[in-house]
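Chains H and A are the protein sequences, given in the same order. According to the working numbering, the residues represented by the first sequence are 215 to 308, in order. According to the working numbering, the residues represented by the second sequence are 782 to 1257, in order.
Quick caveat, the hints were computed from the structure, so don't treat them as lab data. Treat the hints with care, since some could be wrong.
Here are the computed lysine-lysine pairs in the PhoX-like style, where the Cα-Cα straight-line distance is at most 25 Å [to be verified]:
1. H/Lys306 <-> A/Lys869
2. A/Lys910 <-> H/Lys299
3. A/Lys910 <-> A/Lys869
4. A/Lys910 <-> H/Lys306
5. A/Lys995 <-> H/Lys306
6. A/Lys1246 <-> A/Lys1225
7. A/Lys995 <-> A/Lys860
8. A/Lys1225 <-> A/Lys1245
9. A/Lys995 <-> A/Lys869
10. A/Lys1245 <-> A/Lys1223
11. A/Lys1121 <-> A/Lys1087
12. A/Lys1246 <-> A/Lys1167
13. A/Lys1121 <-> A/Lys1170
14. A/Lys860 <-> H/Lys306
15. A/Lys1223 <-> A/Lys1246
16. A/Lys1253 <-> A/Lys1223
17. A/Lys869 <-> H/Lys299
18. A/Lys1181 <-> A/Lys1223
Being a predicted model, the structure only gives us computed values, none of them experimental.
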Amino acid sequence: MKITVSEIEHVADLARLSLERDEIKDLSRQLNNILGYIAKLEELDTGGIRPTTHALELTNVFREDRSMPSLSVDEALSNAPEHEKGMFGVPKII
Amino acid sequence: MDYEAVIGLEVHVQLQTATKIFCPCPTTFGALANTHTCPVCIGMPGVLPVLNRKVVEFAIKMALAVNCDIAPFNVFARKHYFYPDLPKGYQISQYESPLAEHGWLDIEVDGRTRRIGITRIHMEEDAGKLMHDENRPVSYVDLNRTGVPLIEIVSEPDIRSPEEAVAYLKKLRQLVRYLGISDGNMEEGSMRCDANISLRPSGQKGYGTRSELKNINSFRHVQRALEYEIRRQTALLLDGQDVVQETRLWDAARGVTFPMRGKEEAHDYRYFPDPDLVPVEIDSAWLTRIREELPELPDAKRIRLKRQYGLSDYDLEILTASRSMADYFEGCVAQFPHPKTVSNWICVELVRLLRQGDQEIDTCPVSPAGLAGLLEMIDNGTISGKMAKDILQQMYHTKKSAREIVEEQGLAQMSDESQLRIVIERVMEGHPKEVERYRAGKTKVLGFLVGQVMRETRGQANPKKVNELLEKALNP
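Here chain A stands alone, though its shape is the one from the complex (with noise of 0.2 Å):
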């Protein structure tokens, strides 16, 4: 029998905020254990926690980016368990009314777009971090991520592959990146992704019992935690046996999924509202003013880049693949407008020293005017085309302009006529008898003479000036 997968995603998304959801602690990744707590995070009693502004602000962003509905009144809500990273004994999150709903994402896999409903996105905040001892019964707590602000982002079960699941994944993060809420960055943990996933027989409507896979930190985690979980799934159901409804955690190591111990009475998380929080009212003007400080999106980007600049669709995948390289583009673009020419340099050249120094284009050590002034001389004349992909090579490594190299290294090509008739004259003395053919009417003779002038100039004369110069000496 045929199965098909019904695959539903959770995903925390860490926003880069200064400072913690509920306290002014920062918020700055990698600091020393406990250096970033205050009473109000490590809950110490009587303690009030406030608000943070901008977290509302980055949540409304992302909802509004996935076309959600934002509801105008928001509570939050204690959610309770023990467990050392949780200093209260509970989790601010929401619960009955989440930030948003009934939103939507469209992804594109194997040329085919594909739309993945979104069913809600809620504010919370994250838990502190665990290490454990290797040789002793003792775990390790660290409280610094305490209280850094999350946005839960819960999709409906519209995903059908591991590779639809791996390009929403991946669309999340472009999302987060252009809309400046967060890094994304999965092996750091400011994107963290849970994944239900159940299979049914083709064609059926029924979803069949689904497991849930946690500790997935990658990618290709994703995707290889995923293609296993179908695999045992499908095994199991081909073998009349059940599929147990359970956590299970991904052995990245051994390439598993394996069943989470304990946790027995599972989910039952208490919720009520927290009273030291008042609700939060979100009026049209609000979201009037945050959907206008929205960036361009990267759809969006891509359809209008088609149309003002008639690229290819490969092209514009690497060019709206986030915001700072379309910002570099169109730098670039506006000092130099030939659109074709630099997205195939952008493209080919940059992309490829960019992957080699293993570095992203905001830190690309050549500027967008620096590619400009590089396009310019090649347009102009002064360099050729061959010679500007070595050049771009030096301007990445040394910082320098294309000007200073060109200048330091005598790249430019040979236009001086007086430099020239002195190197003209030379080759006409050394070669007496290809000049008395080329009189005697053999002026296919050119090409060689010509040949021996760029020989010479070690191939910097500039041809048609050559060209222009010789035949005027040959015909006194």
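Here chain H stands alone, though its shape is the one from the complex (with noise of 0.2 Å):
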């Protein structure tokens, strides 16, 4: 299996990263070689076992349905490189 020049451009553009020619280049053969490790693993016989969801084998972690204090939509904004009567801000958007 090997990843297409057009595979990495899609996924780039998912993730909303604009990459040169040459990191191109670069992610293509570093993704490759990641695919060759799990082509490996592939040659293993896995029928009858569970998909591993979580290397930790805990279930069932609650919370039980009770508030507690928010941040101050100061707080809450603080991080926002735009912000206006209290909201985000953001390029329109529709």
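Both chains come to you apart, so use the hints to assemble them.
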């Protein structure tokens, strides 16, 4: 399996990354190496094994439905490059 | 050619927990913008979401109510896309292993019962709210709603008409309200609906190309949007054109659907298991406990009320519309054990007052005991049924009891013999000719004399008593 330039461009686009030609070349080599390792793993017979979603053998960690104080509006907005009237400001969408 | 509509609905229901799904921020609707946020729900790096147990229990309740199989092992997944209302860049949802599958729900349209399959129900988090500046190229983001718990209920494409779609949604709303897991209010967005709709020639098994309708926020708009889409697709097909598979938005003001712009590389969400959230195991002990907590659901309640009280289908429809309505009825019957009478008064008089006052039964100013008290006074002859209607209206507006109103306004029927005798004497003195004629054998005159007594007492005299006493007075 080999990852193509257009697949890299597609994934970069989904992640809103703009890549130079050199970077695409580098990434293509690196990603193909990673896929090589995965291909090696695929040689193992994993039939009958439930896909591992978590490394921890822990289940059912819950919170009770009790509220705690939230951030103040100022704190919530303190990292925002733009804010106005107590709201985050972003370039207009729609 | 005749076409048949094939409709499947995806319904999002906001769960009415006190706090968000993965953090302890409150979920209160209508709070000032960005006052209900914390590092977890605004997507700060390095935070750890922790699942709200009640979300799982509410979702299980819904799944049981629509006859689903519940997955014993649940995993949350990240669904990736960029949008300013989604601070983390992904929504935590369930993908490959939804909480529940293979359920069904019976609906009734035009007296016919139809079973609609439920494909799946899963848990996820809501996104924030966007507002757009009208004059400048700026949008504003309020993240109070980010992380509010949702369940998504996906139906099979079993729905065949806009009417069935609305009946299905109303049934879902009734269920979430009975279960007490959501207010199911479409206008306020606590219940939202997307509809997939395609047409196929009647009798054909395979499906046509579908469009997905979004942005429909009331039962009426669901009906209108689907009707419009059926007309649009029918026209295309009759013209020999193809339906394009696309997402369309409903424009309520213009009454049309139009294609949603953008989202070119549609649906490449790159789901993967969320490593921050451990799996949820649901064992049979937990399920049993939740099953025991389920209230009596609408269909079962209807059957029981019919058997227990022998009510008509029309009355049952009204009385089982909500749990509070049925509780009101049974609360009243417990104190005044005449179910048919109670049902009539609720379904006609009380419902009319509620409608006029734009109130729900939950906030009805007349309590079940209050209504029982009124009906008791009709039953024991204190007041007439006609008077009772006026009194109920006054009870509704003044919150006074029937007894208080009757006493204050002297509305009780006059049954006191000494008082009645005085009136009778006066009437006899005023009509000596009639008295003479009666005594001469023309006993029919009695009716006239009774009428005079009733007039003198402005209709409050107890007619039976008046008859009795008059006869005595006329035959000394």
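Right, here's what the structure says about each hint:
1. For the given pair, H/Lys306 sits about 19 Å from A/Lys869 by alpha-carbon distance, which is consistent with the 25 Å threshold.
2. Distance restraint check for A/Lys910 and H/Lys299: the Cα-Cα separation of roughly 14 Å lies within the 25 Å cut-off, and the hinted pair is therefore satisfied.
3. This hinted pair checks out: A/Lys910 and A/Lys869 have alpha carbons roughly 14 Å apart, not beyond 25 Å.
4. Distance check on the hinted pair: A/Lys910 and H/Lys306 sit about 13 Å apart at the alpha-carbon level, within 25 Å; holds.
5. A C-alpha spacing of about 21 Å is found between A/Lys995 and H/Lys306, which places the hinted pair at or below 25 Å, so the restraint holds.
6. Taking the CA atoms of A/Lys1246 and A/Lys1225, the gap is about 18 Å. The hint holds against a cut of 25 Å.
7. Under the criterion of a C-alpha separation no larger than 25 Å, the hint pairing A/Lys995 with A/Lys860 is consistent with the structure, at around 19 Å.
8. A hinted pair counts as satisfied when its Cα atoms are at most 25 Å apart, and A/Lys1225 with A/Lys1245 qualifies at roughly 16 Å.
9. A C-alpha spacing of about 23 Å is found between A/Lys995 and A/Lys869, which places the hinted pair at or below 25 Å, so the restraint holds.
10. Among the hinted pairs, A/Lys1245 with A/Lys1223 is consistent with the structure: their alpha-carbon atoms are about 20 Å apart, no more than 25 Å.
11. Pair hint A/Lys1121 plus A/Lys1087 holds up; C-alpha atoms about 11 Å apart against a cutoff of 25 Å.
12. Proposed proximity of A/Lys1246 and A/Lys1167 is supported: the alpha carbons are some 19 Å apart, at most 25 Å.
13. For a cut-off of 25 Å, the pair hint linking A/Lys1121 to A/Lys1170 stands: about 17 Å separates their Cα positions.
14. Pair hint A/Lys860 plus H/Lys306 holds up; C-alpha atoms about 23 Å apart against a cutoff of 25 Å.
15. For the proposed pair A/Lys1223 and A/Lys1246, the alpha carbon gap of about 21 Å is at most 25 Å, so the pair holds.
16. Our distance criterion of 25 Å between C-alpha atoms is met by A/Lys1253 and A/Lys1223, whose separation comes to about 16 Å.
17. Note on A/Lys869 and H/Lys299: the hinted pairing holds, with a Cα-Cα distance of about 22 Å set against a maximum of 25 Å.
18. Taken as a hint, the A/Lys1181 and A/Lys1223 pair is broken in the structure, with Cα atoms around 47 Å apart against an allowance of 25 Å.
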